[in-house]
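J.: Each chain is listed here by its residues.
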Amino acid sequence: MIKKLTSAVAVAAGIGLIGIGVAQADEIVFGVPGAHTGDLASYGLPTINAAKLVADKYNAKGGVLGRMIKVVPQDDQCKPELAVNAAMKLVSEEATVAMGHICSGATKAALPVYGDSKIVVMSPSATNPPLTTSGDYPNFFRTIARDDAQGQLAASFTIEKLGAKKIAVIHDKGDYGKGFAEFAKAAVDGSGAATSVLFEGVTPGAVDYSAVVQKVKHSGADAVIFGGYHPEASKIVMAMRKKNLKIPFVSDDGVKDPTFIKVAGVFAEGVFATGPQDSSGNPLYAVALAEHKKAFNAEPGAFFFNAYSAALALMNAIEKAGSTDYDKIVKALKTEYVETPVGKIKFDSIGDAEGVGFDVYMVANGVFVQAE
Amino acid sequence: MQDLKKSLLTAAWFMFLTFPIMVIRVNTVEDTIEWRWHNLALVGISAFILSYVWRYFMVRRERGGGKPQTDAAPPTPAWVSIVIEDKRILYPLLAAFTGFVASFPFLFSMYQTNIMISAMVFVMLGLGLNIVVGLAGLLDLGFVAFYAVGAYSYALLNEHFGLGFWVVLPLSAILGTFVGVLLGFPVLRLRGDYLAIVTLGFGEIIRLVLENWGAFTHGPSGIANIPRPGFLWIEFGLKDGITFMYYVMIALVLFTILVVTRLKYSRIGRAWLALREDEIACQAMGIDKTKTKLMAFALGATWASMAGVVFAAKTSFVNPASFTFMESAIILSIVVLGGMGSTLGVICGAMILILLPEHLRAFAEYRMIIFGATMVLFMVFRPQGLIRDRRRKHTLKKPDDTPVSGDAGKVVDAHG
Amino acid sequence: MEYFLELFLGGLTRGSIYALIALGYTMVYGIIKLINFAHGEIYMIGAFTALIISGVLAQFGLPGWSILLMTLPIAVIYSSAYGFTIEKIAYRPLRGAPRLSPLISAIGMSIFLQNYVLLAQTADFLPFPALLPELAFMEGFSGIMNSSELFIVLTAAAVMAGLTAYIKYTRMGKAMRATSQNQRMAMLVGVNVDNVISMTFVIGSALAAVGGVLIASHVGQINFYIGFIAGIKAFTAAVLGGIGSVPGAMLGGLVLGWTESFATGYVSSDYEDVFAFALLVLILIFRPSGILGKEEGHKV
Amino acid sequence: MLKLVDVHAGYGAIPVLRDVNIEVNEGEIITLIGANGAGKTTTLMAICGLVRARSGDILLEGESICGLPTNRIVEMGVCQVPEGRLIFPDLTVTENLDMGAFMRRDRKGIHEDAEYVFNLFPILADRRHQAGGTLSGGEQQMLAISRAIMARPRLLLLDEPSLGLAPLVIRQIFDIIVKINRESGTTIFLVEQNANQALKIANRGYVMENGVITVTDAADRLLANEDVKKAYLGI
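Chains as they are written, first to last, in the numbering used here: chain A, 1 to 372; chain X, 1 to 416; chain R, 1 to 300; chain G, 1 to 235.
Looking at chain A on its own, in the form it has when it is part of the complex (with noise of 0.2 Å):
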């Protein structure tokens, strides 16, 4: 036994000493804690990038207050343990403020960790409404709108627009397709004017979804919504249209991404999605674009530009509060203005940034248009 607990010694001692955390006083930490590995990675590295191009700016003109932008990326996978020791970890290198966690689920596990070292906290992505409407987060925010707003939009889309009577709702079981697709049911319920016909989960990844597809017909529906992310609305397209379904597909801000287009093919056509309010005119929406596209040469990703919009507003909301203060800060965003790549946005009482919200897009000709 005393031979054992002198190797543990050795172990213990070993990894414990390995990587401790160095924080310098001179340094504005933003922290960037989000998926940057696994299977959603595409959503939260664009975050980092955005991160890293207001960080630059600002450090070109000297930094805020005076003081240099570290931004200092932490990768959760979306997974709420390691959320949290994200968020720990950036407590621990004394981060200013921080802008993620990409999913919802992660975030909700985090939070309270922000919360008691009184960190601010604000997601470009994050879209269950709890996180706001609950007040139990007050160092939260978001530029990104609700997914009650976004299930209510796609059902009075498909119901007044597409004049839908009988609507199948569908959903990847997931935290965020399936909050999505409550909330649509409640608005298609409660709207009198139509009534879904389906509520069923499809499970991501299952070899192929023709029994779903066979089901949405046997129901009579005249339109589906669905709640999820890219690779299974394309995969249910795809199904429905091969099975002569011809039927409307609404779907959310997880499909509205080019990546859609291009996996469906011909098959995207047609099919619409509700996402973040165009911005495209804003004259900031550009100068992002610009300098992603010469910092990395590539088309910037998913909620890019949320991301650059919350990294504006925070580092915005210092300058203005003139200090990193927790409460100054908090007071700064709900009160001053700031103009972003989404629009001239502050936040409300809650954490929701006001002026921020969604449009209905369809797929015409391999790209996503607003739609009538």
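Hints may contain errors.
[As the list claims (entries may be wrong)] Below, simulated DSSO-like cross-link-like pairs (lysine-lysine); rule was C-alpha separation at most 30 Å, straight line:
| # | chain 1 | residue 1 | chain 2 | residue 2 |
| --- | --- | --- | --- | --- |
| 1 | X | Lys-6 | R | Lys-88 |
| 2 | A | Lys-118 | X | Lys-239 |
| 3 | R | Lys-174 | G | Lys-108 |
| 4 | R | Lys-33 | X | Lys-289 |
| 5 | A | Lys-320 | A | Lys-334 |
| 6 | X | Lys-289 | R | Lys-88 |
| 7 | X | Lys-239 | A | Lys-331 |
| 8 | R | Lys-168 | G | Lys-108 |
Think of the hints as simulated: they come from the structure by calculation, not from any bench.
Fit chains X, R and G to the known structure of chain A by using the hints.
T.: For chains X, R and G alone, coordinates are given in the frame of chain A:
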């Protein structure tokens, strides 16, 4: 010369094998094709070098392979024996270690303390699974189900009835045992691999129910704001809460080690071992097979469930994403890489598998591929794990050095 | 009734794919009693190789069917080569080790291969070209079954018939059967067991590649993770039918496909997988060796 | 024909055979007798390459077969009827015989040999479409021997062919062994616990104790040997 030829062949083979995937990258989204010829050279050179390394270790393994499995562990390095035998060195070292463990939260940041708690949660899980797999030899691929039961029982009992950590911890232990018996009863008469797939199925079923039974479990959006444990009437802030949890975990891990060690050398422990070695002989000796297996299954579930409670309290949030097959695989790897049956091995396994990826955040992309390769290499070159299980031996008499031919046949059967 | 037929045919398609992959599991298990967890990844690698090769070929502007004719054999060859190599690296050195060791090694191999493709290619879903031709005469039935589904079912049936004949009548097939029944005796009549094991991996992997190419062409997209889920399901199918039994794998695949299809159609797809696994548990409780499996002899 | 020179072998670290020297000449029937656990089966397995000899050498017609894979050794004409018979349980009797002839390519010869063994054991002909696993113990032993004959071995190794069989069947089996030896000139190496029966048909015998050859002599003289009588013949 022979070696050179072999290595060249290996290199050529791997260059062929990895050609499409390593060299050509077709992006059908962007409609681009990228040829990465440098990768071909890279694969060739690494395969060439690695084939030498592989052969070297294979030869070493062959030589070492003849050594008896039953005999004592490999010779202890000199420094270890010096340290152990000299009490002047040993006691201060032990004291230093105890001191280090005790003062850890004050020496390191909250983050470090927190991942230490994570690691200890996995130590508990590993020790629990060790009862099932390491001691009783039942391959359970759905162990994470019991972990989920614990985590959700705390989350739900807290949400609906406001029960605290200290009330739920023993409750969840009972619940875990109960679920273990419930799931164990129908499946335990299955053998080996069938048991493995059915437990995998149960693990998935429990996760799917958590995901889909929204009215009860809040589905994929999970349950938030789960409180950390307090002490009597004291509620802690975040930092003190984490520190307190650290000590709670230390106590729980010590308790687990104590119980598992007692179990291992108890009557039931010997029955498990006998069961693992030979089920039929075991029955012939009058061991109640079902009861013994069920004990192992239920006890494993008990610890997993308790670890689940700690997990829920630590993360303050649960959703089904934390209870996938991958978690089961990681717990199993902890047990196997650490050394099946060995308590210290499991502890080291958990520390390495949980802490290393945290510290290797910089290599995040390569983390999993290294993890996979390590599992294979360990099985090939060190199947007994980091630390070989050593059992107390009862030497009644010197064993006869002539084995019976029946035994001999069995050895070959095992090869077959 | 039409609804029933639709679900039946949907389950048949899905079940055929499960069966194609399950054959690899069952053959390997029959011979060396190993759950080859990495088999799902072989299926994924088959699909990926096909994606890459067809992408390169498409540059030459060849017609679709000729791309399929060239892509499929290459994918099959590569998958087989991977199967062969994996056995040599991860399983052969572990002959005679305790049962758990090769299983862990297989899980490790599975994780390794997933991440290998992830790192060398991409994490994103990639569109897979529709390699299977559209048949004109199927146009009228497209509501219940389309061309690619027909191809899948027919190919699966042909492959299985071929495999059954191969095992029954060829020298290698006989050697496989003998080896699976008693490895030591097979050696004593002169069977080169190492070759038989390698061949088993090669054939199983080839079948998985066929399944991979067919399904990828049918659903139109793949990523590095498709092998894991398909693998677990196919393995379930193999156990359901009685692992080690070739007709069992086929039957198990179809039963599982139908279960999932009808469960989705008549109950809810929320619990599709729950039904699949619950069926497995039930069958194993009442028939511990699967539908067509034989009770293993208890060795004393 | 077959020569074991100072063979040491065992399992893992456990030594079983020590310094075993055995010589089998063309056309002979040689028997190896000894108690349960003496190392007789191990000796056969070492010859067939199923157990690797740690030192010493095994020669087949002067050529070393040590370290060769089993299938190569079988190809060279060594065939074994293992202890416990090891019938392929799911193959039919005919298929089992086919497997015996696995190394052969002459269809006609195989067919003739199949007829030959069906003559030898008419009961097998009656059961030719039955699965091997459904046969009785005696029938399985007949099938195992027939399967070995199908390989047309030059050297036939038999491991305890009498184990668990009724006396009548044992006599029949031993008669056949002699017949194979006489008619096709097959050299036979017979391992038996039933020393009395074995020595009666053998030319020479070896006695093994604890992995060591203790006595070797002509069979009739071994039958008369007092020590052997006491230890193995139960007299």
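J.: Evaluate each hint against the coordinates.
T.: Now for the hints, and whether the structure bears them out:
1. With a C-alpha separation of about 14 Å, the suggested pairing of X:Lys-6 with R:Lys-88 holds against the 30 Å cut-off.
2. At roughly 13 Å between alpha-carbon atoms, A:Lys-118 and X:Lys-239 fall within 30 Å of each other, so this suggested pair holds.
3. Only pairs whose Cα atoms come within 30 Å are accepted, and R:Lys-174 paired with G:Lys-108 is accepted, the gap being roughly 19 Å.
4. About 23 Å separates the Cα atoms of R:Lys-33 and X:Lys-289, which keeps this hinted pair within 30 Å; it holds.
5. Our distance criterion of 30 Å between C-alpha atoms is met by A:Lys-320 and A:Lys-334, whose separation comes to about 11 Å.
6. Between X:Lys-289 and R:Lys-88, the direct Cα distance comes to roughly 37 Å. Violation of the 30 Å bound is thereby established for this hinted pair.
7. About 26 Å separates the Cα atoms of X:Lys-239 and A:Lys-331, which keeps this hinted pair within 30 Å; it holds.
8. A distance of roughly 21 Å separates the Cα atoms of R:Lys-168 and G:Lys-108; the hinted pair therefore holds under the 30 Å criterion.
The structure shown violates just one earlier hint, number 6.
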